[in-house]
Amino acid sequence: MHVTSPVREPLIQGGKTYADVTEDICRHVEAAPTKEWKIAFGLSLIVLAYGSVCLAWTWWEGLGVWGLNKTVGWAWDITNFVWWVGIGHAGTLISAILLLFRQKWRTSINRAAEAMTIFAVICAASFILMHMGRPWMAYWALPLPNAFGSLWVNFNSPLVWDVFAISTYFSVSLVFWYIGLIPDLATIRDRATSKVSKFMYGTFAMGWDGSAKTWARYEYISLILAGLSTPLVLSVHTIVSMDFATSVIPGWHTTIFPPYFVAGAIFSGFAMVQNLMLITRVVYKLEDYITLEHIETMNKVITLTGSVVGVAYITEFFIAWYGGVEYEYYAFFNRMTGPYWWAYWAMMTCNVISPQLFWSRKLRRSITFTFFISVVVNIGMWFERFVIIVTSLHRDYIPSSWAMFSPTRYDIGDYIFSFGLFFTLFLLFSKYLPVVNMAEVKAVLRSTSAQLPAKIAGVAKVRQRGAAEPAYNKDQE
Amino acid sequence: MENTNKRYWRGLEELRNDEKFVKDASSEFPSAPTESQYESLVDGVGTHRRDFLKVLGFGMAAVSLAACEAPVKKAIPYVNKPEGEFPTISNWYASTYAEGGDYASILVKTREGRPIKIESNSLSKVSYGVSSRAHASLLGLYDNEKLKGPKKGEDTKVSWETVDKEIADQLGQIAAKGGAIRILTSTILSPSTKAVIADFTAKYPTTTHVVYDANSSYAIVKGNELSFGKAVIPSYDFSKAKVIVGIDGDFLGTWLAPDTFSKQFAETRRVSSDKEGKKEMSRLYQFESTLSLTGANADYRTAVKPSQIGLVAAALYNKVAAKLGGASIATPALSIPELDKAAAELVAAKGQALVVSGINDPSVQVIVNALNSLLGSYGSTINLDKPVNYRQGNDIATNQLIDEVKGGKVSALILWGANPVYDHPRGAELAGALPQVSLSVSFNDRADETSSLLKYILPAPHYLESWGDAEPVAGSYSLMQPAISLIFSTRQAQSSLLKWAGASADYHEYVKAYWRKNIYPQAGGGDFEKFWIKSLHDGVLDVASASTGAGATFAGNLPTAAAAIAKRYKASSSGLELAIFENVGLGTGFAANNPWLQENPDPITKACWDNHAGLSQKTATELGLAQGDVVKVDVKGKSVELPVIIQPGLAQGTVAVAIGFGREKAGKSANGVGKNVFPFATFTDGFLNFTPGEVTVSKTGETREIAQTQTHSTVMNRKSVLQETVLAHFQKDPMAGRFVPKIQTSEGEVDATDLSLWNGHKYKNHSWGMVIDLNTCFGCGSCVISCQNENNIPVVGRQEIINAREMHWLRIDRYYSSDADVEDLRGLEIASENPEVTFQPMLCQHCNNAPCETVCPVLATTHSSEGLNQMAYNRCVGTRYCANNCPYKVRRFNWFKYFDNDNFDYAFNNDLGKMVINPDVTVRSRGVIEKCSMCVHRIQEAKLTAKKERRRIVDGEVNVACASSCPTDAITFGDMNDPESRISKLLEVEREGRAFHMLEEINVRPQISYLTKIRNKDAAAKAEKVEKEHA
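As you go down the protein sequences, you meet chains A and B in turn.
Position 78 of the first sequence, counting from 1, maps to 78 under the numbering used here, and the rest follow consecutively.
Position 343 of the second sequence, counting from 1, maps to 343 under the numbering used here, and the rest follow consecutively.
Simulated from the structure, these hints should not be mistaken for laboratory data.
The structure displayed is predicted, hence computed values, not measured ones.
Hints are not guaranteed to be accurate.
[Stated by the list, open to error] Here are the computed lysine to any residue pairs in the SDA-like style, where the Cα-Cα straight-line distance is at most 20 Å: (1) 897(B) x 59(A); (2) 300(A) x 345(A); (3) 897(B) x 224(A); (4) 943(B) x 205(B); (5) 897(B) x 144(A); (6) 742(B) x 190(A); (7) 386(B) x 542(B); (8) 431(A) x 279(A); (9) 194(B) x 205(B); (10) 35(A) x 427(A); (11) 719(B) x 333(A); (12) 719(B) x 57(A); (13) 109(B) x 738(B); (14) 897(B) x 359(A); (15) 275(B) x 919(B); (16) 897(B) x 921(B); (17) 742(B) x 323(A); (18) 742(B) x 47(A).
One chain only, chain B, in its complex shape (with noise of 0.2 Å):
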């Protein structure tokens, strides 16, 4: 019995006699778990099964608890207040709205040190009401697309310092060594701005300032170099005119200024119905290719193909010549309609008559000159004297840009407010060469379709935050001061050129100093300070000027002017031509990341969320397409896919489609929506070409649905809708065009609204209301996105718009004539080729009859003792009846949780969007009805102001939304029981007038009347249709 102590190990560690080892050797389980073994639950990762029982009864309580409780959002009082600022009240400041070359003189309201709400500048004399477009921008402020800091290449966490030392030790290089140094930016209307990059090119004495705009009007700058050798373009004044005939310029909707060219035309289509009012009118001709706002508008409108559109001025030259004893100029003959009737008015109305075209040849504008040459509307409707700087682009120079960047002669580039890839026609050739570029440089707030392709994006704030100025028209100043303090990490692009040029980086005193220097001086005296604080006040300054341009002799070359345009347009032509035009809300695009402005429709289409190939009915059958079909539209090779809209109004054969869309890298709002068509535009000796020439359209067999907030364009005759008339009949018959319903009883005739089941209400202290002038509201819709900001209204995006969902609360209804007979219901339908536009703003009408008050189930909708008809959404069930139930359709469902929702991811869906909301105005939720408060947050806020300081709230102390913005003054809100307010007065007047109620035989009794559109035709030829109506 051998080796009887034979061992095994159970392991090394037996055999090396491990302390561990040893240790254990007793206990049964070498290594028994202990709690502190594993990870506790709180702060482990693992878990034990004797914690199951924990994590369970954790988790119950916690969704238990979840549950029982909304998520509390910190809210932090004011615990040292700011001074100025107190909560609830707004603050208000003066700024500038300055976006290339869009200008508005605004107010801006803050609440809580933010802003929430952009309203026209009433000091401004240049600027009049808010364009949808600058409203709009309020939401850009709170963008949360846009670059939260500088970004070098793809690193986004460079530091202000690092960027400043890279970019100034390379352009202190490159301008050693003599290298081009670039600054390409859009229209800058700032003065000091101006001076800024004289001082960084003194500086770097290389640079050079190339300014463009994707809408360039470089040709009228040339063309009054060429008449009158002043590089200008002159200010406008249509007030003063009588007759204007328009030339492919949409000055209601896109051309240089709108809002103040829609302000002053409004004066001349102004009227009362009062014995010794004003019954007068301008007569507006339009000649045109697309239905722009302006052709809308006209009260005679022809359409042109885009190649025969220059030979409209030089026949009309002719024609006017011919009775002024002008010189002729040989042009191919033209016979379209309505030209020698324009003619022969303006040749009556000479020295109150107004040619513009918006044709970027300058040819056409050396013949538009003589025109108004002959006319004698310089000093009188043109005043060269007080020139405009809304478009300071230079074609030409930029053109010769891109040559330099893709000879790889530009050493260095500066890109500020433009977006030349996207916006250029030849963007493509530039984003190729861009890399060449050693130091490229943008203060685009977002890395675009351009500066996504250069080394340094330094953002620059929104005009929200900045300081600035603007010199909209010469003479005429503006001053822009933040409103909030930075959001992001930004620093504005003049701070920038300052820091780079070795200067102090402090814009603000520069602005001042820039002030202090330049304007101060024209002013007049006084204490600085004051003058200065008085300026930020005012947000305006004018500086008188006196002289009218009366002296203009026009000294253009006609012949050659002649001979260019006979080469370049063609009287006749069969081909299918293109015509690229501006969208009114949505303009070139730069700010397309918009929502608002995306949901915000074409005043004329109506289209929202996407850009169209718009084709003429005629046109369309003869192409055998329909609506929504989607075509290949190919020009010279390019091509996009576009679905089809059909378009009355439409030049016949033309194909019209609006730039601003197919964004690439502006954001979720504006990325793939539509197409961009820029590249289609051309250059025709150098100058920006909307109307490339002949198109090719082919179907592709595709369909896309069309986002149309109003999808039947006739009125169908129906004249309790509309009611209109000429202002011949006018002139005669204040009633003319008016339609009064009448009932027959066994008493006799009487009025419609003479029998009721209703008691109706007394109005013992107010009764707001609201008169639409349905002559002076052009249609451009900058209401409906003041309502819309004011309201807290959600966007609900391009497929809500094709079932037909939209929350606007204020909508512009546009009707289009028919040709068919009033019994023709089904030829009703149809819109006429060329027809006549009307637009009527429908809003909530507050009926003191409401349908609507009656059905709800609930008493969520009832009567004030003011006259508003108000909805109180906490007690709505969402039946819907009211909706049904009224006549008007202004009510508005919310169909889905509009806010914190991902299908609708727009502002209302992230924490800085919301920042714009407005805190007086509930945000609705889902299943409720909405609508048309008139802004009864406002009329309340008034009424405690005035009643703190114990007097009656006065006329004009309160002002709705859309009212405000009104470039026109088209709507005039106020309290009808105050005898002395503008309503009352107007409605004084009106009441045996224009003044109607919509739907009078219902007997609603609305608090809003319109009144009648006028349209300044000749009564004959109206009666005569009418006669063959009736025949």
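This is chain A alone, in the form it adopts within the complex (with noise of 0.2 Å):
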């Protein structure tokens, strides 16, 4: 049993050794898939196949079968891609700005949540994707060297700033998730039994021998990783905000767009982690190492960043009565009261209410509830984006063209397709990669400055499989 401070909950419970920890982990990667992962997989499978075939359509036919129109040229496609975008921020936040404030909690979530970012990423990338409308033209949005002639990108474009923010952040955030992984892969790679096993974490641990050295210099890159990461965290939102920022759309060229963006970025991704790690706590039996101090403390981030969201909308508001811009004044009066009237108010309860009953302790302790709202803040987080890019299209400037859009049943696929895709490779994740950074819990299962009892460094009494003793066991010597 490890000594922590009296006035502290430890953050692993269960008297967890380094042995228990290693056990606890690899053993979903190295057993047989369970028949929940694989009804699951099968699941998401299925969802993905549905969502390509409307993807398909929707590349071979154009992007009418959608229900965009000339008022309104963005709608589900944006609104999906900035959602996800949002929620790939809580995995950076979690493994970047927590790691440099040295918040220690964040060690048993973060791989899951940057996992969780990576997956995202690719899903808002697949949407800016699908929204183009000669998609198999979308590498001339890179400035790369051509033979067009002189034609080159438009570096006033915020769609261009997107794709140095997007694709810088994904580089970044895979990197960084990869780097992290590496010390676990060796772990798993040591244990593994099958030599295909062996040869494919063998090759990603890209000859990890957990020497001093190695681990000084994992130590280094994970820092100078944070040190890029953060100003991402705080940046591609900005960015993604600036599509609409620097327009002329009223609803849409609003200054206060970047912190308000990020805020909710933070916002909806530590829902989306809450929501992901709250089934796998229960499913992998992680729930000493995801504890409710894990799950309350998010809860905390929620509602700060709910509140953040919440301030902005009201500025919003207030700028738009008190700028006295008449088509700004009617942005926000249509937002409100407009056809529109009830994705708003969607939003305004979802996020700006639901996350202010987290004051509660009870309720933010509480897993069912936090599972609840983080759901509905997820929910309340695609409106926002819903009614901030539809409601100011559909009703701009001039009203001859004013117009409504509602959803074909390809917006639905297409949307369809991305959660398809996230659950497949977040699935394929949580079963072939440990869904906790190993090494880092278990710097933090020291959690004081007691010594440890020698026990603690023991290695597990019962091997599973009957294994002969790990020679890399180095304490054991």
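With the hints as a guide, bring the two chains together.
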């Protein structure tokens, strides 16, 4: 039993030893897929297949299969894009900013959160491709040397900024996640019994040898990447928000968007982490690693960012009234009372009211309630983007062009595609990779300055598959 | 052991010892298969297992080869170049568009031998601009649903020789027996054609020519006969009128010659902010049941139920007569708004007044004539000595003809340019009787509702393939010449008639001879060949006539007319009444199989691809109906089911339905689009009556979406979108009604456009721009079709219009006024019951600080050095950000592939239809944005011509398709860098006057300016209203 400060709950409960940690996490990677996993994976494949058919038809037939029109040129496509990018932000926040702030509780959740980031960004990127009229020309948005003459990208365009922001974000997140995975991959490699696993995990472990120098390099690179990622947490959604903020459309043309979008992104990202972790925790029996403390802390972040978002909403309205710009005023008036009032009020209810319920300690420590609110928050944040995009566009400057948008089965199907993709990837991740960062969790087992008892360094008494005593366990010598 | 030699035969062949059997006896497989026994793979039908790999291999190779290369279509070069024909250089021919009473003197642009555009002939003194129907008639040339040759019964292989012989024989027999021969046509403007018919009649004396118009104006003819003894429709000159009163006559939209009237009327509406500039306007009062284009442009408009409308004329007459000392007539008292005011002003403007009415009731027309006579209009605004020929139909004769056909008294019926089974109220009766006619021939271009019931259809070519002439107004002639050789095996109707009459069938020579004999002498001397070539070149010829028709003395019988009116119209009625009206674009529906026209939104309802039951909001509420509810409209047992459209401005208790829809045999673009309401029209005293009286409307419980290109009707009090004022205010201050946004800064108040992030553009050479005068734009929409034609804009169909995805680069926004308080944003969404209407053409504003340009990630839309916002379709990846960021919402996205796509089975889906494509403009592919280019290809062409000639481009040398089509010159296009250009001069005057940029405060600095709309309303009334608003 390790010793912790009497005032703090230990971050990892259940009196885990290092060996227990390895065992608990690796078990799922090493064991055959469970029935539940197979069912879930099957379901997500079906969802992905349905979505892929819808997407294939969208690309074959043209974007006309969506519900867009001359007035509303973006709707679900960009809503989904912003939503997914936003969701991704929690992962980076957890792994980078919380790392810099030495928030050790992040270790239990950062792996899954980062994976979520990467998959969410992939989903977001799929909408960038999807929303293009000619997606096969997507590479034109990259500043590539070409034979078309002097054609170049337009550095004035927020969409080009987006291309840089998202691609940087994706690559940095991927590298960060992968670097963090290496020690754990090495652990799995070393435990692996089948040649295939040994080869695969061994390849990706990149010859990790666990030496002090390697660990030191690992620490440096983590810190450097955290430093690199930190501005990205703020910049990516700032740039996404500029897609709107730099335009001339009332309701889009708003300087408040960058902080408001970043807060909203973290808000929805944490909600998504909650959703994923609450399930993973139960299925993988990780209650000792992802404790109520974690859930409660994340709920606090949700309440904080939700409040920021709420203040932003109210500020926007105040400015719309106080600014005295006819069009801006109407845009907000129309949000509240126009034909899409329900979307607006759904947004307000989900995003402003629901996170305030977490002021109650009982509620924020309730797993069911947390799960429910997280879903609500994600619905709310989806509606936020829908409200911003559709209700601003559908009634802008010239009343003759005012129009309504309603989704078709392909708008919905292509959104479903992204869910299929996300869950397929996440389930693959949760099966084949350690969902909790073993190396870092081991580091926080020792969460106080007290000396650890010798016992804690021991290895598991019972090996599952009766393997020979591992040679790597230097501690035993 | 006997019979050891017992033998079994393997078959009868062995027993018979067949030669073949013997030959094969020794081989194990009697008929071993050989390769040659099987059909060869290439030309045979069977396949062999050994061919499997070959087939597989060939298939693979073929598929992969086909994937490598797009199919090559043959392009045949001009080995022998036709004289005068240069690739990529267009040729222009003057010609005449005359379909029924529709007339326009036109120039036809041809490229590589095919007509691709119709423009107005500026030499004409009769027609101005080109109507949407005339523009769209070009597409009719390439309609592949027309008959490709003569048709006898179901036989389409029959030759012209055969039908000529058969018909001539039968005509001979009929004439010999004295059987009646009838030629039924719509209005024929061509004098030479009338001569052809006369020749035919001379050969077959039992022939009678009956003319009818689906939108008849026979009552005007009759009214003038009763009033002045002249059975004509006079020419009207709105440009001389100071006060105009219209009584149910849509002279700006559909009545007689709307383009000409629009031009004249626009002259009275054009004002200038210049100190010495014209600051007077005519005033237009309109009394009508439906909201017509004229009503929409009227200064004062009163909605009157159809059952009252005739009384307006009578009441107005009495009021005017009381002041001018005319005899009063007995008429029921009628109290409607603006009538007294209109009477007073008419009297005040005596000699410069005009009253017109489209009511097809001779009694009303007599009263109107009396009014005009009292007001001294004859000789000033009306000229009886220069009659117009646009409507020659005789309702009574047509009805007689139908009776004759029903009575079996007609032996031969020749039909031409008429489709009475569809567009005559008694069409169904006629359809039943037509099979009895022993010889029936149609010259229509397709097996339409009537022609399909006739024995022969001998399709006449399209007017662009034909020779001909026209006399739209007495003394004004024009010529029609073919701009393309015959596409199908067709023959002009005149040639057929001449042939049957035993004369030479060369109608071209006939026209020439006719002109030599009849028109050339009037034009006075010279060499005929020169005269002929000049006439062909000019397309028009005016034979001057000095008479102003001043001498007309009214001699009508007023009491009789008054009595007829009092009998027919009621001062008050509570029932629901039907008002049938003509759609501005589609007209009577004769050219309904034209996707451009079908998709051309009605200027008022902005709906297309359907007709509707129009109801005012109040009436709809009373009936418990909402827009889109399908109702059964029942008139005296006849009924149709139509979706309800809420139409402000309609008289209460009136159901308005447009004719021209519900074709059954016109082609795939027209069939089943809307419902035919011609059968609802009735005849009152023999005159076609589009207000058949009471109607019941009942809900069917179904709903139908309405395809409208504009679904929000009010301007929401947005001053920077629409700026308007009344004349009196404008006279005091040319800036009246202008909205000039100001911004407070630390240095004090500045113009919104003084603060900018941008450096602006320097246009060293040209700076192309446009000025659009909202005062002379009457919203007819001809520019929309001109643009569609010029720029290869696809047709998207009803469902895509419902999805708000029309592709028109140029649209006309129509706004209704609202009664709500300016602060009441919800209330402002609701239009007034009798709204003021404004039309605002909307196209790419070619902003200098273009929001679209900054947001395109791939620089597909950029700024030219001449002020144009240009779109490189090839570069577009289709993010649609530009469309979202366009404050004017003029950018259009190709949601689908609109050509070669069976889901969009319009002109661009067949080879013939594609002939209409303008080779100078790219056909856009799926997934790219498009928008108005300010006809950059025309600018480039003109610049190249100027460059070749080493000179600067001259003002007027290039014009954009919209501006050139406008009958009222509401659009001025030109180089704003050229101080001598019309636009520069106009802007110089108007910059501190009426000219405004839309949405000025967002500082996008458009190249397009608008001039404020000015209504000639009383300022006092307006001021009161403003005070009330502020109270």
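Consistency of the hints with the structure:
1. 897(B) x 59(A): holds (12 Å)
2. 300(A) x 345(A): Status violated; Cα separation ~23 Å.
3. 897(B) x 224(A): Violated, at about 49 Å.
4. 943(B) x 205(B): violated (60 Å)
5. 897(B) x 144(A): Violated, at about 28 Å.
6. 742(B) x 190(A): Violated, because 74 Å separates the two Cα atoms, which is more than 20 Å.
7. 386(B) x 542(B): holds (12 Å)
8. 431(A) x 279(A): holds (14 Å)
9. 194(B) x 205(B): holds (15 Å)
10. 35(A) x 427(A): Holds, because 13 Å separates the two Cα atoms, which is no more than 20 Å.
11. 719(B) x 333(A): holds (18 Å)
12. 719(B) x 57(A): violated (44 Å)
13. 109(B) x 738(B): violated (40 Å)
14. 897(B) x 359(A): violated (54 Å)
15. 275(B) x 919(B): Violated: residue 275(B) and residue 919(B) sit about 46 Å apart, past 20 Å.
16. 897(B) x 921(B): holds (16 Å)
17. 742(B) x 323(A): Within the cut-off at roughly 14 Å; holds.
18. 742(B) x 47(A): violated (55 Å)
Hints 2, 3, 4, 5, 6, 12, 13, 14, 15 and 18, counting from the list given before, are not met by this structure.
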